[in-house]
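J.: Top line first, the protein sequences correspond to chains A and B. In this text, residue positions in the first sequence follow my numbering: the first is 108, and each later residue adds one. In this text, residue positions in the second sequence follow my numbering: the first is 12, and each later residue adds one.
Honestly, I wouldn't trust all of these hints.
As the list claims (entries may be wrong) - Restricting the straight-line Cα-Cα distance to at most 16 Å, the calculated cross-link-like pairs of lysine to aspartate or glutamate (EDC-like) are: (1) A/237 <-> B/112; (2) B/45 <-> B/65; (3) A/329 <-> B/161; (4) B/260 <-> B/62; (5) B/150 <-> A/331; (6) B/135 <-> A/317; (7) A/329 <-> B/62; (8) B/135 <-> A/331.
The set of hints was computed from the structure by calculation and includes no laboratory data.
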Amino acid sequence: MSTEIQEPDLSGDELRGDRATDRRVKRVLFGCASITVLTTIALFVVLFDNAAGYFYGARIWEVLIGQESFRQTVSLSEFFSGTRWAPVRSPPAHGALPIIWGTLVITIGAAFVSIPIGTATALYLSEYAKPTTRNRLKPILEVLAGIPTIVYGFFAVSFITPIVVGALGSLFGISVGRYSMMAGWIVVGTMTIPMVSSISEDAMQAVPDDLRNGAYALGATKYEVSLRIVLPAALSGILASYILAISRAIGETMAVSLAAGFQPQLTANPFSEIMTMTAYMVSLARGTTAVGSVEYQSLFAVGLILFIMTLTANLINDYLKRRFQEVYR
Amino acid sequence: MSTQDDTHKLISTEVQVDEQTHEDTAETVVSAEKLNVYYGEEKALSDVSAEIPERRVTAIIGPSGCGKSTFLRSINRMNDRISMCQVEGTLRFNGKNVYDDDVDPVALRRRIGQVFQSPNPFPKSIYDNVAYGLRVQGKADKVDLDKQVERALKQAALWDEVKDQLDSSGLDLSGGQQQRLCIARAIAPDPEVILMDEPTSALDPVAAAKIEDLIEDLAQNYTVIIVTHNMQQAARISDKTAVFLTGGKLVEFDDTATIFEDPEDQRVEDYITGKFG
Numbered sequence: 108m109s110t111e112i113q114e115p116d117l118s119g120d121e122l123r124g125d126r127a128t129d130r131r132v133k134r135v136l137f138g139c140a141s142i143t144v145l146t147t148i149a150l151f152v153v154l155f156d157n158a159a160g161y162f163y164g165a166r167i168w169e170v171l172i173g174q175e176s177f178r179q180t181v182s183l184s185e186f187f188s189g190t191r192w193a194p195v196r197s198p199p200a201h202g203a204l205p206i207i208w209g210t211l212v213i214t215i216g217a218a219f220v221s222i223p224i225g226t227a228t229a230l231y232l233s234e235y236a237k238p239t240t241r242n243r244l245k246p247i248l249e250v251l252a253g254i255p256t257i258v259y260g261f262f263a264v265s266f267i268t269p270i271v272v273g274a275l276g277s278l279f280g281i282s283v284g285r286y287s288m289m290a291g292w293i294v295v296g297t298m299t300i301p302m303v304s305s306i307s308e309d310a311m312q313a314v315p316d317d318l319r320n321g322a323y324a325l326g327a328t329k330y331e332v333s334l335r336i337v338l339p340a341a342l343s344g345i346l347a348s349y350i351l352a353i354s355r356a357i358g359e360t361m362a363v364s365l366a367a368g369f370q371p372q373l374t375a376n377p378f379s380e381i382m383t384m385t386a387y388m389v390s391l392a393r394g395t396t397a398v399g400s401v402e403y404q405s406l407f408a409v410g411l412i413l414f415i416m417t418l419t420a421n422l423i424n425d426y427l428k429r430r431f432q433e434v435y436r
Numbered sequence: 012m013s014t015q016d017d018t019h020k021l022i023s024t025e026v027q028v029d030e031q032t033h034e035d036t037a038e039t040v041v042s043a044e045k046l047n048v049y050y051g052e053e054k055a056l057s058d059v060s061a062e063i064p065e066r067r068v069t070a071i072i073g074p075s076g077c078g079k080s081t082f083l084r085s086i087n088r089m090n091d092r093i094s095m096c097q098v099e100g101t102l103r104f105n106g107k108n109v110y111d112d113d114v115d116p117v118a119l120r121r122r123i124g125q126v127f128q129s130p131n132p133f134p135k136s137i138y139d140n141v142a143y144g145l146r147v148q149g150k151a152d153k154v155d156l157d158k159q160v161e162r163a164l165k166q167a168a169l170w171d172e173v174k175d176q177l178d179s180s181g182l183d184l185s186g187g188q189q190q191r192l193c194i195a196r197a198i199a200p201d202p203e204v205i206l207m208d209e210p211t212s213a214l215d216p217v218a219a220a221k222i223e224d225l226i227e228d229l230a231q232n233y234t235v236i237i238v239t240h241n242m243q244q245a246a247r248i249s250d251k252t253a254v255f256l257t258g259g260k261l262v263e264f265d266d267t268a269t270i271f272e273d274p275e276d277q278r279v280e281d282y283i284t285g286k287f288g
């Protein structure tokens, strides 16, 4: 045995191949991650560029290469305050208020359907239902969330409008046409219930059982535990589900078109036909609009507003998450 | 071979067991008669009979899985929360069988408080934590509430530490303080019995010692039933000790001094001396 202690070889020279693999894997993963980021950026650029074409008669890149110059075609003040939306007619009118109103009123009305029903469903599943009942009901809710929205649209046309809204209308002596704001509320509200209930229920299930036990041991009833312990403790997740449902409602297209219609109107009458921003886009996009025309570019202006609305909803979501997050140890 | 004396002094800590037990003066507040508890097919408690005296500390010891927590939960019917759980036999609280059809577990739990293994304060203010039980039990008129919260926090030896921060979250306290907050929460509605399920097992020794002192004080006003896996703790703080062994059987139930110095059952002696368990 030698008395000299040999230093271990820690240079890792034999690992060179592994290190190269590591770098390659990292590059591939980074590449995949960048696709979504790049898509978002590209989307925003395309929307913004075409919207500029709508308002100022020239695309930004055309101005940059000196081919065109900006000239006002549609004024921003008309767009945001005009009450008539008819870019395709002649003479055209570019007041987007009716369709912005259409989207807002559908979103708010749908929230009045999905939030109470969804929250109550979540509370029932999480706190009241037996485990066997919950295990049976939850998959059904998730199936409901996965149904294509066009199917909800047909459901609106064949059931909600004639049966539900029709019956309510005849109660007030109003004959309801093929489309109505109320049908839009109901169908968009219904299709976002699973989103609210499923995510809220997950948030409630995440509340530690210790808290429930603590309250039950103090002689609290189920109702008190649900409303005073579980609901506040799960608040951040519940609010997140509301915001997700709302941004889904903002962006909803097929079902809402088939339920609420294609008539841009600034009206508060729940039985009348209206048009949402998305309905406008789908009605125009399936037509024979010439690329580059004002009508065509109006799509992008409307799309930009939609984009900003859902982005705002997401930012609110992030804020609420941070604001109401409970920290457990 | 050890001497006779040695085998009789099984626990060598300075156990100050009260030699004059209060046998004759103490009324029975909780009594089990042939209590059997099942989780599905599995039997968790087997023919348990015991009479637990009022205003004493009764310790329940035994190896893990012996049913000691199950026994505790069957007293305030927290077992109802476990869907597979079935109870047979009788468990009397002040003479009334709590498994009778006309017993509402909510009403029962309002008279029997519980403290859990790991501190579980609600994510609310210290004040609201203590007031919670009073509020759900409708014992909350505002002036009185302040007094009761103060009284409970004093009894739980927490008042001096938190009196200036009653509005801050219960979760901001240290583990030991949180557990004392949970004790304050449990005693605020003035229950007759307080159940404790290994209340110091999640705490450091200093915090645990504080809780132990507190438990002894609480026994002046309340009946305390404490599950513990710490035999020194049982010897230090309890008047009576029940030893559960595997299979959910209550093997011996007697004055703490007797259990630790001269148990009748060989298996109890083996368990206490650490030969098994």
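J.: Does residue 135 of chain B pair with residue 331 of chain A here, judged by a C-alpha cut-off of 16 Å?
T.: Status holds; Cα separation ~15 Å.
J.: Does the alpha-carbon distance linking residue 150 of chain B and residue 331 of chain A stay inside the 16 Å limit?
T.: This hinted pair holds, its Cα atoms lying about 15 Å apart.
J.: For the pair supplied as a hint, residue 45 of chain B and residue 65 of chain B, confirm whether the alpha-carbon distance does not exceed 16 Å.
T.: violated (20 Å)
J.: Quick one, are residue 260 of chain B and residue 62 of chain B close enough, alpha carbons at most 16 Å?
T.: holds (15 Å)
J.: Within a Cα-Cα threshold of 16 Å, do residue 329 of chain A and residue 161 of chain B meet the stated pairing?
T.: Roughly 28 Å between the alpha carbons, so the hint for residue 329 of chain A and residue 161 of chain B is violated.
J.: Does residue 237 of chain A pair with residue 112 of chain B here, judged by a C-alpha cut-off of 16 Å?
T.: violated (21 Å)
J.: Please work out if residue 135 of chain B and residue 317 of chain A have their alpha carbons no farther apart than 16 Å.
T.: Given that 16 Å is the threshold and the Cα spacing comes to 14 Å, the pair holds.
J.: What's the verdict on residue 329 of chain A and residue 62 of chain B, does the C-alpha distance respect the 16 Å limit or exceed it?
T.: violated (31 Å)
Of the numbered hints listed earlier, those contradicted by the structure are 1, 2, 3, 7.
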